[in-house]
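**Student:** Here is what each chain is made of, one letter per residue.
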Amino acid sequence: MPLPDRPIFGCEWNRNRLDCVLLGMKLNMPLVTLLAGLALGVGVLIVSMLGPSSAASASGYGATSTASATGAVKPAPASSASGGGASAAAPATTPASTPATTPASTPATTSTTAPATAPGTVPAATASVPTADIPPKADYVARTNSGGGAVAISVHAGKAVAYMCNGHAVAAWLKGTAKAGKLELTGKNGARLDVSYRTGKATGSIMADGTKYSFSAPLVHRGSSGHRPPGLYEATATVHGVKIKAGWVVLPGGGQVGSVEYFADSDVAPTAQAPVLNLTTGTAQYDGVTLVASLISGLTGSGF
Amino acid sequence: MTAQPDASPPAPVDVSLGIGKLVVPSLIGGLVALTLGIYGRLHHPTGVVENLAGFTSAGYAKSWLATIATVFAIVQVSSALVMYGKIPRVTAPSWIGSLHKWSGRIAFLLAVPVAVDCLYGLGFQTYSTRVLLHSVFGCLFFGAFSVKMLILPKRGLPGWTLPVAGAAVFTLLVAIWFTSAFWFFSTFGLHR
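Protein sequence lines correspond, in order, to chains A and B.
Counting from 1, one number per residue, gives the positions in the first sequence under the working numbering.
Counting from 1001, one number per residue, gives the positions in the second sequence under the working numbering.
Worth double-checking, as some hints may not be accurate.
[Unchecked claim] So the derived label-pair ranges between C-beta atoms look like this:
hint, chain 1, residue 1, chain 2, residue 2, range
1, A, K26, B, T1187, 46 to 52 Å
2, B, H1044, A, D194, 34 to 40 Å
3, A, R192, B, P1158, 58 to 64 Å
4, A, A36, B, M1083, 18 to 24 Å
5, B, T1129, A, A157, 41 to 47 Å
6, A, T280, B, T1187, 31 to 37 Å
7, B, L1162, A, C20, 18 to 24 Å
8, B, T1056, A, A180, 29 to 35 Å
9, B, I1019, A, L31, 20 to 26 Å
Keep in mind that the hints were calculated from the coordinates and are not lab data.
From a predicted model like this one, the values you see are computed outputs, not experimental measurements.
All C-beta atoms in this analysis are idealised placements derived from N, C-alpha and C, irrespective of residue type, glycine included.
Chain A with its partners taken away, still in its complex shape (with noise of 0.2 Å):
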């Protein structure tokens, strides 16, 4: 067989278009396109496995497992063949029939009345409170005075945890540090929080989702026994592959507001209306799996 006398593999351009050889024989560009796109798939895969973020993958793995074992996941044989879909919306329209959602229904007003109230003359009026009324171990909280949202704010031994959600698309989970008089705590997106407390309230704004939240947050004092108390609760499960993390802000009348959060380590992470936490078992049913909360308290200073 004659070795060709053209190139193996060679591309030229003739008027204005590219034509490629192989072994003498024009190629079907098309099928170029294609073939050329496959290689960039499977090398943009194989950089996804092997690349610098693999690390985080696999620590995204591993706490999404721990996550599932602590959480006393127990799978549902129908949810998984029917899908999020239908079963997804279950979970989501029960809350509506308990008083303490029922804010929740007016999050599409939130980007528009919100910003409004904002202003932080609040916390301006008690910044200069002295430093010894403050607590080192305290929960705080409190609906927003808009946007049909709840915040909670734990703090124990100079580290806090912060939380805010109204029970639809908007969560925000927020850590920093309680000293002089002051916390301030950052989160994901651009998530802040900015609060003067003392003995008592803790009063600020919150940013979530590109919109500023104003509360007064009263101290929690501890619920009766038997239930459980006002606070932070929060619960993580994989659903269908994916990590989701729900927050509930449990309020003192018994009221709560929560949302869930899917794809929870990552930064896309889509949020939607969380089911009723009940408060005599702790636990909450989401497309047929159980999660189970835990209070995040700075009192006790579980969950730090």
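Put chain B on the given structure of chain A with help from the hints.
**Tutor:** Only chain B this time, still in chain A's reference frame:
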């Protein structure tokens, strides 16, 4: 869709034969879409996606790549309209074919890494209408694109096949963009 036996001599091409040439490309396209969907459903998503230098997060990197791909797709469809003489008072310049091909190639090659990131990091999901539609459209897009690439070199196909395939690919890409990048920018803000 049947061939007309008493057709006049200037139409020698058997239309049913032309349609028959669509079978194999369509089957391959369906297989591509199914493979992507099944992989996205079976593979455990990592939830972690690759970021690109210069962007705030992987979500922004993907949203911008998808947006640029969509812009090239608009160039694709516009150049096709010019080539088919559908734009009044515009005659196709000599370079329109190259513009059409290269805008398409660039759009496709920009979409590929975004899709791989989606499938690997997030998977085929159904937890909301937007996400379900995005997952379905994403798989269908690569199936439809494969069909279009496979029928492009074929001769004797009915004249409507390429425009229909191209329109399907373009519509799917725009739907994908609306259910992802548009949602992302409107939720998290428009910046890098």
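**Student:** Now, for every hint given, state plainly whether the structure supports it.
**Tutor:** Status of each hint after checking the structure:
1. Taking 46 to 52 Å as the suggested C-beta distance range, the pair A:K26 and B:T1187 conforms, at roughly 48 Å.
2. As the Cβ distance of B:H1044 to A:D194 is approximately 39 Å, the hint placing it in 34 to 40 Å holds.
3. Restraint check, A:R192 to B:P1158: a C-beta distance of roughly 59 Å satisfies the suggested window 58 to 64 Å.
4. Between A:A36 and B:M1083 the C-beta distance comes to about 23 Å, which sits within the given range of 18 to 24 Å.
5. Taken as a hint, the range 41 to 47 Å holds for the pair B:T1129 and A:A157, whose Cβ atoms sit roughly 44 Å apart.
6. Taken as a hint, the range 31 to 37 Å holds for the pair A:T280 and B:T1187, whose Cβ atoms sit roughly 35 Å apart.
7. With their beta carbons about 21 Å apart, B:L1162 and A:C20 fall inside the hinted range of 18 to 24 Å.
8. Checked against the given bound of 29 to 35 Å, the beta carbons of B:T1056 and A:A180, roughly 31 Å apart, stay inside it.
9. Distance hint for B:I1019 and A:L31: a CB-CB separation of about 21 Å, consistent with the stated range 20 to 26 Å.
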